[in-house]
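Since chain Z is already given, all that's left is putting chain S on it; use the hints.
There are 2 protein chains.
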Amino acid sequence: MRSNQFVLGIDVGATNIKFGLVDSSGKITATSHLVTRDFLSHKTKLINALLDECAILFKKNRFNINNLLGVGVGLPGLVDVTRGIVRFLPNIPGWKDVPLKKIMEEKLRIPIFLDNDVNLITLGEWKFGAGRGIPNMVCVALGTGVGSGLILDNKLYRGEGFTAGELGHVPLNEKGPKCNCGGWACLEQYVGNKPLQKKAAGLFKDNRIQLEEVDRLAEQGNPKALKFWHQIAEQIGCGLVSVVNLLNPRRIIIGGGVSNAYRHIFPVIRETIRKRAMSVPARMVEVVRAQLGNKAGLLGAYALVNDAACER
Amino acid sequence: MRSNQFVLGIDVGATNIKFGLVDSSGKITATSHLVTRDFLSHKTKLINALLDECAILFKKNRFNINNLLGVGVGLPGLVDVTRGIVRFLPNIPGWKDVPLKKIMEEKLRIPIFLDNDVNLITLGEWKFGAGRGIPNMVCVALGTGVGSGLILDNKLYRGEGFTAGELGHVPLNEKGPKCNCGGWACLEQYVGNKPLQKKAAGLFKDNRIQLEEVDRLAEQGNPKALKFWHQIAEQIGCGLVSVVNLLNPRRIIIGGGVSNAYRHIFPVIRETIRKRAMSVPARMVEVVRAQLGNKAGLLGAYALVNDAACER
Numbered sequence: 281m282r283s284n285q286f287v288l289g290i291d292v293g294a295t296n297i298k299f300g301l302v303d304s305s306g307k308i309t310a311t312s313h314l315v316t317r318d319f320l321s322h323k324t325k326l327i328n329a330l331l332d333e334c335a336i337l338f339k340k341n342r343f344n345i346n347n348l349l350g351v352g353v354g355l356p357g358l359v360d361v362t363r364g365i366v367r368f369l370p371n372i373p374g375w376k377d378v379p380l381k382k383i384m385e386e387k388l389r390i391p392i393f394l395d396n397d398v399n400l401i402t403l404g405e406w407k408f409g410a411g412r413g414i415p416n417m418v419c420v421a422l423g424t425g426v427g428s429g430l431i432l433d434n435k436l437y438r439g440e441g442f443t444a445g446e447l448g449h450v451p452l453n454e455k456g457p458k459c460n461c462g463g464w465a466c467l468e469q470y471v472g473n474k475p476l477q478k479k480a481a482g483l484f485k486d487n488r489i490q491l492e493e494v495d496r497l498a499e500q501g502n503p504k505a506l507k508f509w510h511q512i513a514e515q516i517g518c519g520l521v522s523v524v525n526l527l528n529p530r531r532i533i534i535g536g537g538v539s540n541a542y543r544h545i546f547p548v549i550r551e552t553i554r555k556r557a558m559s560v561p562a563r564m565v566e567v568v569r570a571q572l573g574n575k576a577g578l579l580g581a582y583a584l585v586n587d588a589a590c591e592r
Numbered sequence: 281m282r283s284n285q286f287v288l289g290i291d292v293g294a295t296n297i298k299f300g301l302v303d304s305s306g307k308i309t310a311t312s313h314l315v316t317r318d319f320l321s322h323k324t325k326l327i328n329a330l331l332d333e334c335a336i337l338f339k340k341n342r343f344n345i346n347n348l349l350g351v352g353v354g355l356p357g358l359v360d361v362t363r364g365i366v367r368f369l370p371n372i373p374g375w376k377d378v379p380l381k382k383i384m385e386e387k388l389r390i391p392i393f394l395d396n397d398v399n400l401i402t403l404g405e406w407k408f409g410a411g412r413g414i415p416n417m418v419c420v421a422l423g424t425g426v427g428s429g430l431i432l433d434n435k436l437y438r439g440e441g442f443t444a445g446e447l448g449h450v451p452l453n454e455k456g457p458k459c460n461c462g463g464w465a466c467l468e469q470y471v472g473n474k475p476l477q478k479k480a481a482g483l484f485k486d487n488r489i490q491l492e493e494v495d496r497l498a499e500q501g502n503p504k505a506l507k508f509w510h511q512i513a514e515q516i517g518c519g520l521v522s523v524v525n526l527l528n529p530r531r532i533i534i535g536g537g538v539s540n541a542y543r544h545i546f547p548v549i550r551e552t553i554r555k556r557a558m559s560v561p562a563r564m565v566e567v568v569r570a571q572l573g574n575k576a577g578l579l580g581a582y583a584l585v586n587d588a589a590c591e592r
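Sequences listed follow chains Z and S, in order.
Okay, so the first sequence: first residue is 281 according to this note's numbering, each after it adds one.
Okay, so the second sequence: first residue is 281 according to this note's numbering, each after it adds one.
Just chain Z, with the same shape it has in the complex (with noise of 0.2 Å):
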């Protein structure tokens, strides 16, 4: 690979579009971004929009396509890697088996290669932010959705379906509330942002309550919002336990709109890990902020198709 070869990363998610062409030190030299409501119609509205939009962002920023290592592209839902296929995305309707990398690449004639958004969040905070040199790590996203990926014995894992790191689906409780996934008790249901801004709402009588409100209070030290982020935090904490137990990973690096309230939650997370989980992997787990922020997909598509291209 040469120095000056770019990949251009594509992260779509339920809201925006975001387009980054990435360099090899992980900069984001131009970027672009379209509003996803605007092409939900039809999947081939929204696969024509890609499209355009690659050859704009090419054609202004007078970029040399010969330049160009490929395309990696993020997708919020599942996503089968090796054959280049959409297989579903929840919050985007009529996407069933749609084999974008093989549309994409007839179209455009560059290498292009899909994967989970959630997988390239991973990649990038490991090629770019706090996962530089860990060779196991877990990196969760807390959001709407709760996920992760990870990163076992210097390779992300995908499991055998692609649907390795479901973290929002392990199950905190035997009983507890249902889950739009068919079950129950799901670590999502307490700590995604619904259920949190449900709770907030009811403990501050507030139904517009925004969570970033509850942290500002918690700042200023109300009672009642710093026990709100306790209790998530324990509950986050004891989700991260069976992880701990389980894949013994040196760093959890943890990320989305739910971290924000860090000063809040990190140490009450530790805190769980050290109390419950066993001694020896709570010891050697760090647990850590992501650094990379919106950018971690578009960092992580660098490194998806660098390594493919490594692997050729």
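Be aware that a few hints might be false.
For chains that are exact copies, the list does not tell them apart, and a pair is met inside one copy or across any two.
As the list claims (entries may be wrong) - Here are the computed lysine-lysine pairs in the DSS-like style, where the Cα-Cα straight-line distance is at most 27 Å:
1) K376 / K555
2) K325 / K555
3) K455 / K478
Please keep in mind that the hints were generated in silico from the structure rather than gathered at the bench.
On a predicted model such as this, the values are computed, not experimentally measured, just so you know.
Chain S in isolation, oriented as in the chain Z frame:
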């Protein structure tokens, strides 16, 4: 590697120490054993017993040591596999940071490889038993302790500090009974042999009732016994939902004493996974019985030594 080469497997348990000469087809051609409690007074006594028994086994079977690829030793505790050091054996006193590989190699002049006993069982089932050809699988050992070994992307995954796979210490609930690991509500506190025997004793008002008897009662349709196994299977299943959602394995292999009640527990374990785990990984995972019984560790020793020899 020549096909006439053998591995000497040694399976150190808290009760017995098994020795077996294993050939490349997984056939055990000669065996012997020691009773562990005869050698507990000092670690040197146990080490010397291991060395003596190796020599006796070779002599008795007129074994040509040139046909030996190496010795694989499984130990019931924490093993630094890379350095060949036994870190800690919870049920064999006096073992702390013992450089067993070096000690045995100096005496025997044969390559020695150490690993945790459940890891060797996992390697055995993977290479010669219920997991042949499966790239992603979890091998569960149900007993006094509840452990597991992880084959991920066609490789035994040991974790950062060789403690991965501690399924018995996955929390089953936010709150629950204290565990001797220092945590609480660990799966082992619900489905390990000790809590099960206590539970059976209370249920049948008989302090000496054995789990085998509860299995027989369930066979005969005893409602209390059927309910006993049903609840245990739901709890094992709940622990395995975490494994299925985090690791998306193709197969889960279950062995150990409690798995003898497979007629009563396996259908409920499968049903619990089907109901509680995410649909894609739940649909693709098979839950099967271990095939190798108490030979698994010795056969795993073959796999360990052979893989190490191939890497050299």
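Status of the hints after comparison with the structure:
no.: 1; hint: K376 / K555; verdict: between (43 Å within a copy, 23 Å between copies)
no.: 2; hint: K325 / K555; verdict: neither (51 Å within a copy, 36 Å between copies)
no.: 3; hint: K455 / K478; verdict: both (20 Å within a copy, 23 Å between copies)
In terms of the numbered hints stated before, the structure departs from hint 2 and from no other.
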